[in-house]
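Chains as they are written, first to last, in UniProt numbering: chain U, 1 to 293; chain F, 1 to 293; chain B, 1 to 293; chain D, 1 to 293; chain A, 1 to 293; chain R, 1 to 293.
Which copy? The list can't say, so a pair holds if one copy fits it or any two copies do.
List time: in silico DSS-like cross-link candidates among lysine-lysine, alpha-carbon distance up to 25 angstroms: (1) Lys11 - Lys212; (2) Lys16 - Lys83; (3) Lys211 - Lys11; (4) Lys83 - Lys11; (5) Lys212 - Lys16; (6) Lys244 - Lys211.
In case anyone wonders, no lab produced these hints; they're calculated from the structure.
The lines below spell out each chain.
There are 6 protein chains.
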Amino acid sequence: MFFHKQELQFKSTPDKPDAVYARKLQEVLGGQYGEITVALQYSFQAWNSHVPGKYRDMLFGIGSEEFGHVEMLATMIAQLLEKAPLGITDDAVQSDPAIAAVIGGTDMQQAIVAGAGARAVDSNGNPWQGSCITASGNLLADFTANANAEMQGRVQVARLYHMTDDHGVRDLLSFLLARDTMHQNQWLAAARELQEEGAENLPVPSNFPIKKEERSVSYQYLNFSDGATAADGSWASGPTPDGKGEFSYHDGPTTSAPMPPPTHPDARFYGTTELPNTVEKVAGSVQDKLRKE
Amino acid sequence: MFFHKQELQFKSTPDKPDAVYARKLQEVLGGQYGEITVALQYSFQAWNSHVPGKYRDMLFGIGSEEFGHVEMLATMIAQLLEKAPLGITDDAVQSDPAIAAVIGGTDMQQAIVAGAGARAVDSNGNPWQGSCITASGNLLADFTANANAEMQGRVQVARLYHMTDDHGVRDLLSFLLARDTMHQNQWLAAARELQEEGAENLPVPSNFPIKKEERSVSYQYLNFSDGATAADGSWASGPTPDGKGEFSYHDGPTTSAPMPPPTHPDARFYGTTELPNTVEKVAGSVQDKLRKE
Amino acid sequence: MFFHKQELQFKSTPDKPDAVYARKLQEVLGGQYGEITVALQYSFQAWNSHVPGKYRDMLFGIGSEEFGHVEMLATMIAQLLEKAPLGITDDAVQSDPAIAAVIGGTDMQQAIVAGAGARAVDSNGNPWQGSCITASGNLLADFTANANAEMQGRVQVARLYHMTDDHGVRDLLSFLLARDTMHQNQWLAAARELQEEGAENLPVPSNFPIKKEERSVSYQYLNFSDGATAADGSWASGPTPDGKGEFSYHDGPTTSAPMPPPTHPDARFYGTTELPNTVEKVAGSVQDKLRKE
Amino acid sequence: MFFHKQELQFKSTPDKPDAVYARKLQEVLGGQYGEITVALQYSFQAWNSHVPGKYRDMLFGIGSEEFGHVEMLATMIAQLLEKAPLGITDDAVQSDPAIAAVIGGTDMQQAIVAGAGARAVDSNGNPWQGSCITASGNLLADFTANANAEMQGRVQVARLYHMTDDHGVRDLLSFLLARDTMHQNQWLAAARELQEEGAENLPVPSNFPIKKEERSVSYQYLNFSDGATAADGSWASGPTPDGKGEFSYHDGPTTSAPMPPPTHPDARFYGTTELPNTVEKVAGSVQDKLRKE
Amino acid sequence: MFFHKQELQFKSTPDKPDAVYARKLQEVLGGQYGEITVALQYSFQAWNSHVPGKYRDMLFGIGSEEFGHVEMLATMIAQLLEKAPLGITDDAVQSDPAIAAVIGGTDMQQAIVAGAGARAVDSNGNPWQGSCITASGNLLADFTANANAEMQGRVQVARLYHMTDDHGVRDLLSFLLARDTMHQNQWLAAARELQEEGAENLPVPSNFPIKKEERSVSYQYLNFSDGATAADGSWASGPTPDGKGEFSYHDGPTTSAPMPPPTHPDARFYGTTELPNTVEKVAGSVQDKLRKE
Amino acid sequence: MFFHKQELQFKSTPDKPDAVYARKLQEVLGGQYGEITVALQYSFQAWNSHVPGKYRDMLFGIGSEEFGHVEMLATMIAQLLEKAPLGITDDAVQSDPAIAAVIGGTDMQQAIVAGAGARAVDSNGNPWQGSCITASGNLLADFTANANAEMQGRVQVARLYHMTDDHGVRDLLSFLLARDTMHQNQWLAAARELQEEGAENLPVPSNFPIKKEERSVSYQYLNFSDGATAADGSWASGPTPDGKGEFSYHDGPTTSAPMPPPTHPDARFYGTTELPNTVEKVAGSVQDKLRKE
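Turn these sequences into a full structure, and let the hints steer you where they fit.
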């Protein structure tokens, strides 16, 4: 169960309105790596969890914080829009290019649809999607997904920080940046702990019987491009991070197989085939005629 | 530039048709973590790369291999569908529940739209989307995204391995599992190398002036749920992975702020407001009347 | 069957071009509550209707009018774009910020894709989707959906009215506003008539045997937030609109249940589990080995 | 801020596994009218609210309860999947049509992607979308949207009730049905209270100066289909629900306007035009040539 | 304006219910090449048309017929679902694999969401999208799009014909097949007429000054794959269909250019760069510090 | 298999940065008819091909070239963004409307998400989708789809040509225009060759037994609109392109059928029905009660 308190975790009030920035902030509210994503991602990971205790408790604990971040951003966006020019005729004096420029850069649905309110969309107005979430049940994979989400999210917030001079907005962003720092650290610590405890290991999933994979190519770097310096990295020679092999480097594939012949499905799918098959088709349609009529 | 060779990297021919499995395989072809995703993700990361040399060369080298994996899966799917019952009346004898069951589990668009062919969709028939891709320009974030993609992908292939007994299919999957093992190792090695070289560091992005974030909350685990064991992990006490702090544990938030008052945008957005504002609205519409008529 | 007449229901010609406004108008053409939505929503409700006569006749009668509204808006948009600067180099003199501002605010696909034409998208360029439609077969639910659609639509048209001074556009909007007034009234009248005739009732669906619902919580307002004034409304005490109960107010839930233990699906899904299950996994993979090899 | 408690509002445990039903339940978790929709819809309405006090307090109070409903359904789905056949080879004995039938009816991503877990999608596997939400800032419109959402939702839960015999599932549904009953009543009561207080009125938005709409057609039922009984309803004669007019009935439109002539945008959009314009095109390209070369 | 008549163009009643087939038929109702697509595609082409007269009249004339085809299919689907097993418990006797198989193959939203009704989705339950439409304003391109739509559509209907034995369904399909035959012929005739009249020509758009394209590669077949027989077609030698050149065949590209160096955007985007740039970054952040603090 | 070479097919470097144009170019990279579409469309057609030899070889040969075009556009876009104002505070001096106008017209996700990089989206920021692809297995239909794709694509590139004065950009476009000219010619030549060889014919699919379609309406132009000049085209009289009939012209339909009566699905779907059925419902629920309790 979730309980709501009409307080914010941190002050979320801008110094002044800024409708273009209100659109930009939508990215970290409703974008691929926005707060709706992490709130629901951690929650679904917890709901689908197969192990009670500390890992699930942490998922619940952080996921619920993120719902509050959604709220801080929605509140901030509504305030950024409050007194901003949003296309209502009198402000949109068409002879004033400064105002026209502002309006051109806004999310017009924030005005027309939400009446100067926040929406569950990204900075291009694409609705948030359930497919932004990752929750596989394998915690080493999922904690890596979470670390990535917090990294991408912090990169975006850092960029947004430089796109405004508003102290109120920057204060909120400085708070979110700090929480992203924390959460990056937490997911990385948790991924490490999973491995130290032996609960999971590399390669993920570690319980899959590794001899069932085609081990001859498990540590070969096959370079399908012509950039020679690709061989210079620690991913092309030396021991592998999973501790089970040695990297080797190869220009191009080490295996190959002939392309299988084209398929010939039932003639009644009306795919184009070579001549002999056309005969089959006629035969087929004759059979069909006999059968059906 | 890309050049195509009419050979496959590995044998991709099933022992027998299996239309339901053909649908399942779509997940690792056109799903969130399928081969189209990784092929285009690594390619966009290379095209957007800000640094020449080994990292970009590796991105190109692996990305181009993945396009070939798309091809192997598409070829396999077409063959799995070739002689399978796909709803053409004669096979779909309605009194035979075994065939009806098979047809019920197929992707009907593989039959109706593609004529027994592969499609750029996932196992539920959702079209692949450009939003599956991550390419931020920050390589530590992006290599973490790539490690995650290879982990999620290998988990899915491992599950699919147990959903068939077909030796031809399993052979292909054993090859893909091995390549996922390789690529997991490569991205993790590359992420480590970025940090050892000092090119990037934690927290991502490491170049953002860290004193601009609200450092007081950068290492606090704020548990917004009531699971007490969340404090037992290495994410709740001890040094942080970024080497810059110590974790501390707190039940709930350590900061709070009052909810800002509701916004009052221009009355001509026709949002519902409290009484005094209604008066403003009337005044507004009077002004509007005077102005416009 | 539908028959088309090359006339419009109302004059739809702007006084002057306005490409930014052409983008805004897309909202009520191809947005969530635009004319494509209501045209197809009422039509699908009619096609799926289970009752002949006045209700279905009304659905067909209004739905068909709405297709004509799609046409009026598409025609208007094409004219708003006709002589407008759309980025063709000569108008887009980059040193003129006024023109640059206009172009920045346009839907670029109206220019690049449609060649200065209307599109089946909303004001942010999101394609219209079949999921905008509601048609459940239950007419009380669906007429409520229709009333909502006409309300949201009229709110949007009212906002758009204030975003232009063009008399031609405003004339069309004044017509659409009037039709939305009519249709709001019609759906509300129809919803009332359904109840007066006893065809449907509250709660929807009224035919579901009400004793099968957990009646103890059917009229309890459980406040999961801490806003105390929530108790002050007619939704927290007094008789309920369905005439079958009395509202009561409660801070938080009146029931609770322990969280069920985490699930343990087949080990071959490779989810992360606690230690004992790891043993099971090993056992499982041994069994698997024996069985498969 | 949101706080989480590791308890459920109601017991959510099935008697037995049922993977097909787990897919069906996704509809009321992640569908157009599922619990994610109402949780976020009411929350966004609260965050965008322009009026403090009882209405906003109610929005927060109900919205937060709905997040807990998301949790109950996710938990239930994971349990329904726990021991169910999900395509792992040994259960999917292909000679057993009963098991094949079950697998055919499952959401394959619940198995392949989520490892027997719940997902943020509907019963056809379409990801939940931010565009499912309605939050316009006009509370009469939005409360009508909410009443509709609870009606559609309860209709779906009622249908799902008849699609299972599992007592554990039915118990949860009986609880959700009761809460939907409550929330239908609440939104209708709130919509009525808004009007009684004079905060909002019909037609929505009531503050728009009504004389600016084309009043001659505000109460005309224009029947664009040929179903004569459409005139028999209370929507075709008598006083209108907004109390401001009288319905009248008309076969077809009462107004018309000629179709405006086709548009002729800049020739460099390469649209097809009639002959004279072709000449203009040539001229245009000559000018263009002179200008550019 | 559109006027509706409560008649169908052709009898649309099945002999017996078939819920699985009802799902399949959704493809030609709400799929990429279904009737909603062609109805709206031809209508938008007409609304955006730049030329009055026969071409636009034809677009309107066919587009309006297609709306009636949407209606026939929706009506047919509702009837196919009418008495079909749709998961209501009593029919879904779980011990009967035949019924379970049927239910597994149905569109569950037709039951749960639409109450045994048609929906604006394809056979995999993906909602129809405005992006299915093509309307560029160039009639030669658009008529080619239309010919393609009718070809893809007829292929799908032909496949569906073989997926049922129901005479009522087959009768409707035989009618739709004939209309698709007609419309294929019409769009091809119209495309030819455009060229004979000189209104449009190859290559499309023909008015673009052809000397502005890089003519040296305008008729070279550059084979980027290794299939040698690609040179055997009429697309590799001989005169070109546009009458302006001769095809020539080349193994691979005839031109090339070095890959441009990686980009170095503003350091405050926090992209990863090589070492020298890291120095710039530090400098940048120092400047930034001086400027902002 | 695909092999990558770190060279471009043609020089792809702009003279100067232009962030607004970078957004526009996304259309031909990631739009409905952009390069990702044709690259994957031709590849899927090849993978699903049922005929070896020249047609499949051509599909592979052109498809692989198109992947290189994706690369040229991505590279160009990254360079257009490199030094452009993208909202970083110092350039976005708010008092300068010229810069504000530029920023307003950019794709904000290119800045916030990709850090000044290209993305797999169109010019409105909609992600590319797998549903942009057409691959039916019938080559006459598919080559017509390909001709259309190259026509729409060339129209868009031609429009984009006039939206910039940048010589570097125009050079790349002149190259793409020439390749589109080539590919239009190739697909049209291939479609003609298919027919000359007798592999396919009109109407598509030509193997469907034509007497099974309702031949009485196969060549009737039924004008459902009132534009009389529709009869003046070669699509309304004279021989049909398929060589099998004569066009005839008719005002409106030549056939009709009564609308079937409304459906009455199981009462437990809770659809609204007329009175007699209400009685059935009660009976049904009584039965249900008896059965279940």
